[in-house]
Amino acid sequence: MMTAFRRELGPMVKVAAPLAVAELGWMAMGFVDTIMAGRINAASLGAGGLGHMLYFPIVVSALGLLFGMDTLVSQAFGARDDEDCRRTLIAGLWLSLFLSPVVAVVFALSVPLIGLTRPNPDVMALLGPYVRATAWGIPPLLFHNVFRRYLQARNVVRPITFAVVSANLINFAGNWLLMYGNWGAPRMGLEGSGVSTSLSRVYMALALGVAPRAA
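Each residue of the sequence shown is one higher than the one before, counting from 43 in the numbering used here.
Hints are computed from structural coordinates only; laboratory data are not their basis.
Even for Gly, the Cβ is constructed at its ideal location relative to N, Cα and C.
Treat the hints loosely; a few may be bogus.
Said to hold, decoys possible - Beta-carbon label-pair distances, calculated as ranges:
| no. | residue 1 | residue 2 | range |
| --- | --- | --- | --- |
| 1 | Phe47 | Leu155 | 15 to 25 Å |
| 2 | Asp164 | Gln117 | 49 to 59 Å |
| 3 | Pro154 | Phe109 | 22 to 32 Å |
| 4 | Gly251 | Phe109 | 14 to 24 Å |
| 5 | Arg229 | Ala133 | 18 to 28 Å |
| 6 | Asp164 | Ala58 | 13 to 23 Å |
| 7 | Asp124 | Glu50 | 41 to 51 Å |
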């Protein structure tokens, strides 16, 4: 039993470690957004936190529908049925295309619902533009997750880690430019953070979009 455990441990760590780093990268992106919003004012910090609270349950509900790809692709990959793997990939892309506008609309409609609770008016003034800017990143985020599920089910994990880590750098640079108006960029405040987040997710989708050809 121990021999079999040692034999399986190495390949498992080789796959799991880069994915663990990628998950830390997701956490780091939100952490950086929060810190940089806090430098503007308390209302930006509050609106950013509220936006994340709305975004997470809505978008993750859609992402959960894509998690089944891990099982389907890994089983097909184990059976060496590449055609079935690609069928699942294409089906995931179509599902993401269908889900994207639904999720974006639900996310946008959450703002007036929050307004019914009479929150701080300064927070609400910032929340709407931030949500609209972030909503544009929903389609590429779903596409990114389709590519991620496909790749990791085929034991291709390094591109996933690279995409998330480098996207953090893009998000930080975008925040620095758009939130604070550095280097002549428009000073957009919290809305700039939403724009930067969406751009970083477009980048992640493109970065992983080319990887399935090599998988």
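Going through the hints against the structure:
1. Phe47 with Leu155: 15 to 25 Å: 51 Å, violated
2. Asp164 with Gln117: 49 to 59 Å: 52 Å, holds
3. Pro154 with Phe109: 22 to 32 Å: 30 Å, holds
4. Gly251 with Phe109: 14 to 24 Å: 19 Å, holds
5. Arg229 with Ala133: 18 to 28 Å: Between Arg229 and Ala133, where Cβ atoms are some 43 Å apart, the hint is violated.
6. Asp164 with Ala58: 13 to 23 Å: For Asp164 and Ala58 the Cβ distance comes to about 44 Å; the hint is violated.
7. Asp124 with Glu50: 41 to 51 Å: 24 Å, violated
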